[in-house]
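Q: So you can see what is in the structure, the chains are spelled out below.
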Amino acid sequence: MPEFTAAEYSAILLSLKVSMVATLLALPFGFLLAYLMTFYQFRGKVALDVLINLPLTLPPVVIGYLLLLLLGQQGFIGRHILQPLGIKVIFTWKAAVIATAVVGMPLLVRSIRIGMESIDLGLIHASRTLGAGPFDSMLTVVMPLALRGILAGSALMFGRGLGEFGATIIVAGNMPGVTQTIPLAIYDYAGSPSGDSMAKALCVVAVIISVAVLLCHEYLGRRMIRAD
Amino acid sequence: MELSVAVSKKFSTFNLTVDCTVSEQRVGVFGPSGSGKSTLVNLIAGLQSPDEGVIQLNGETLFDAQTSLAPEQRRIGIIFQHPHLFPHLSVRGNLLYGLKRCTPLDRRIDFDSLVAVLRLGPLLERGVNNLSGGEKQRVAIGRAVLSNPRLLLMDEPLSALDDRLRFRIIHHLKTVCETFKIPYLYISHSLLEIRLMTDTVLVFDHGRLVEQTSGEQLARDRMGHSPVGYINLLELSDMTERDDMCAYRWQGGELLLSASNRDTVNGLFELSSKDIILFKKHPEAVSARNLLHCAVLGLFESGEKIGVDLQAGSGRLIAEIVPTAVRELDIHVGSPLYAACKASAFRKLSDNQTNHKEQFS
Numbered sequence: 703m704p705e706f707t708a709a710e711y712s713a714i715l716l717s718l719k720v721s722m723v724a725t726l727l728a729l730p731f732g733f734l735l736a737y738l739m740t741f742y743q744f745r746g747k748v749a750l751d752v753l754i755n756l757p758l759t760l761p762p763v764v765i766g767y768l769l770l771l772l773l774g775q776q777g778f779i780g781r782h783i784l785q786p787l788g789i790k791v792i793f794t795w796k797a798a799v800i801a802t803a804v805v806g807m808p809l810l811v812r813s814i815r816i817g818m819e820s821i822d823l824g825l826i827h828a829s830r831t832l833g834a835g836p837f838d839s840m841l842t843v844v845m846p847l848a849l850r851g852i853l854a855g856s857a858l859m860f861g862r863g864l865g866e867f868g869a870t871i872i873v874a875g876n877m878p879g880v881t882q883t884i885p886l887a888i889y890d891y892a893g894s895p896s897g898d899s900m901a902k903a904l905c906v907v908a909v910i911i912s913v914a915v916l917l918c919h920e921y922l923g924r925r926m927i928r929a930d
Numbered sequence: 027m028e029l030s031v032a033v034s035k036k037f038s039t040f041n042l043t044v045d046c047t048v049s050e051q052r053v054g055v056f057g058p059s060g061s062g063k064s065t066l067v068n069l070i071a072g073l074q075s076p077d078e079g080v081i082q083l084n085g086e087t088l089f090d091a092q093t094s095l096a097p098e099q100r101r102i103g104i105i106f107q108h109p110h111l112f113p114h115l116s117v118r119g120n121l122l123y124g125l126k127r128c129t130p131l132d133r134r135i136d137f138d139s140l141v142a143v144l145r146l147g148p149l150l151e152r153g154v155n156n157l158s159g160g161e162k163q164r165v166a167i168g169r170a171v172l173s174n175p176r177l178l179l180m181d182e183p184l185s186a187l188d189d190r191l192r193f194r195i196i197h198h199l200k201t202v203c204e205t206f207k208i209p210y211l212y213i214s215h216s217l218l219e220i221r222l223m224t225d226t227v228l229v230f231d232h233g234r235l236v237e238q239t240s241g242e243q244l245a246r247d248r249m250g251h252s253p254v255g256y257i258n259l260l261e262l263s264d265m266t267e268r269d270d271m272c273a274y275r276w277q278g279g280e281l282l283l284s285a286s287n288r289d290t291v292n293g294l295f296e297l298s299s300k301d302i303i304l305f306k307k308h309p310e311a312v313s314a315r316n317l318l319h320c321a322v323l324g325l326f327e328s329g330e331k332i333g334v335d336l337q338a339g340s341g342r343l344i345a346e347i348v349p350t351a352v353r354e355l356d357i358h359v360g361s362p363l364y365a366a367c368k369a370s371a372f373r374k375l376s377d378n379q380t381n382h383k384e385q386f387s
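Protein sequences appear in the order of chains A and B.
Adding 702 to a residue's 1-based position in the first sequence gives its number in this note's numbering.
Adding 26 to a residue's 1-based position in the second sequence gives its number in this note's numbering.
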C-alpha cells in the first residue's frame, strides 16, 4: 500500500465534501419533486418526469457540458445571476457539487417516490380531517413515513456522488487540491506509468467509503421500524 | 346539529345525487355497497368536491359555488373502516394528533376523560403496529373524538372486525358520543348496526337518497325480504345456571338459553322473528324451552309475511307468520297468544362490560 500525499488526502476529503454537500443541497428539492409527482395530478407531469430522469440516460459529459453552457461566463445563469453577485462557480468545487447534484437527482427522487407511494392515502386523509393542513400533513405524516425512502435515496445519491466523473471534469476541471476528487485522481494515476499502485489504493478507499455508507443506511433503516 | 346536503357528483359509472337536511344527533346512512355512502362521507368531510351544490353544517357553508372549505377547516372527524393509525407514532401520539391542532376555544374534550372512557390507559406508550384489531379501532375512535369535531362521520367503522369485536366497539362508540355529546353520521350496510347506533336513517340506493326513516321501521319493512327476518334485540341479565341451561332475567320474566352462554352473566342477544312460533292456546307439550304468554300489539305487512308485534311481560317481540296463519289463528290486535322459542335460537352479540373482565381485546 503506497503512502498517500497531501494531494490524495485532499482528493478523498473533497470527494466526501462534494458528495455530502450535493446530497444535502438536493434533498429538499428531491423531496418536493417526489411529493409533487406522487400526490398531485397536473398538466405537464409527464414532461417533468422526463426532465427529472433525463440525467439517468444522458451521458454525464453531456450534462457537464450543458451545465458549462448555463453556468459559464456566457451562460444565462452565469452572466445574469452569478457575475453580478460576484460568484464564480465554474472550475471550483462548487461546480462539482452542482454537477453531482444534477446527476444524482433522479436516484434521489426515485427512491423517495417509492417510499411515498407505499404510504396509505387514508393516513393523509386522516391527518387532514384531524386538522392538519397540506404542509403540516407533509411534514408530520408523509416525511416520517417516507424516511426510509429518503435515507435510501440519500445513500444512493451520496454513493453516486463519490463516483461522479464525466460531468465534474467538464465543469470543475481536474486540479489537484482544488477540484480533484477520488475518481479524477484515479484517472490521473491510471494514465501515468508509475501511478498504478496509487490508483489501486484510491480504489480501495472508494470501496471502503461506499460500503460504510451502505451499512450506515441499512442500520438506520432497521432502527426506524417500531417493533412494539 | 343541523346538516344540509344538496349536491351532485358524477363519476364514469356512477352518479350521486343527494338533497336532504337532518337535525338529529344520531343519523344513519344505510345502503348496499356501491350505493354512494362513502362518497357522501368524503363530500361532507371535504376529501372530495361535489360537481355542484351546497353543504351546510349548523348554518355555516362548507361548500357552494363560491366556497370550498379544506378538510382541516371543517372540524368534521372521520372514523374510517380501517383505523388508519399513524404507524410512526405511539398510541398517545396518535390520540394527541388532532387535539394539538385544535384551537383552545374548541377544546372541550379532556384527554384523560377520553382515555378513561375508552380504557386506553395501559396502551398509551405502546406503538400501534402490534395492537389488536379492537384496540386499533378504539384508538382511532379516541383520536377522532379528541380532535373535538362538530360532527363525527363513521364510515363502516366495524366492517373490518369480527362479530365478537363489532358489538364491543359499538358500546364504546355509543358511550363516547353520548358522554361528549358529539352528533354523528353512522354509515353502514348492516341494519343491525344502524338500529343500535341511530335514530334516523337515510337510505341510499344507486347514488340516490330513496328514503328517510327510522332504524326500527326499516327493519320491519325489510323483515319479509330478509333471509334472517326481523332481529329482536334482547338485553338479558343476571344469568343463573339451572338444569344444564342458562336462565336470564328479561323484562320481568325469564328466558332459558343453551348452556354455551354460561360465560356471560349479562349481555345483548339476538332472536330472529323466524325463530318464534305462535300458539293460540297453551300447548300441552312442546320441546322449546321458552313459552311466553303475550298480547298482540299490532300487525304489519312486510313482503309476503305478516309481522306480529307482541307484548311479552314488559318486553316487546316481533314474530313473523304467513297471512294464512293470521286468518286461521284469528290474530288481531289484543289477541292473547303463546310464543315459543328454542333455547338455542338466541345468539349472543356482546357481553355487558360491567360483568366481564376480558371485555377489551
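It is possible that some hints are incorrect.
[Stated by the list, open to error] To give a feel for the contact side, a few chain A residues facing chain B, derived at Cβ under 7 Å:
#, residue
1, 777
2, 824
3, 832
4, 833
5, 834
6, 850
What the hints contain is simulated information worked out from the structure, not anything from laboratory work.
From the three backbone atoms N, C-alpha and C, an ideal C-beta is built for every residue, glycine too.
Q: Each of the hints needs a verdict: does it hold here or not?
A: Against the structure, the hints come out as follows:
Violation of the interface hint for residue 777 of chain A is found here, the shortest Cβ-Cβ separation to chain B being roughly 42 Å, above the 7 Å cut-off. The closest approach between the C-beta of residue 824 of chain A and any C-beta of chain B is roughly 4 Å, which is under the 7 Å cut-off, so the hint is satisfied. Hint on residue 832 of chain A holds. Least Cβ distance to chain B is approximately 4 Å, under the 7 Å limit. The closest approach between the C-beta of residue 833 of chain A and any C-beta of chain B is roughly 3 Å, which is under the 7 Å cut-off, so the hint is satisfied.
Residue-level restraint check for residue 834 of chain A holds (minimum Cβ-Cβ distance to chain B is 6 Å; threshold 7 Å). Interface restraint check: residue 850 of chain A against chain B, minimum CB-CB distance 11 Å, threshold 7 Å, status violated.
Hints 1, 6 from the earlier list are contradicted by this structure; the remaining hints agree with it.
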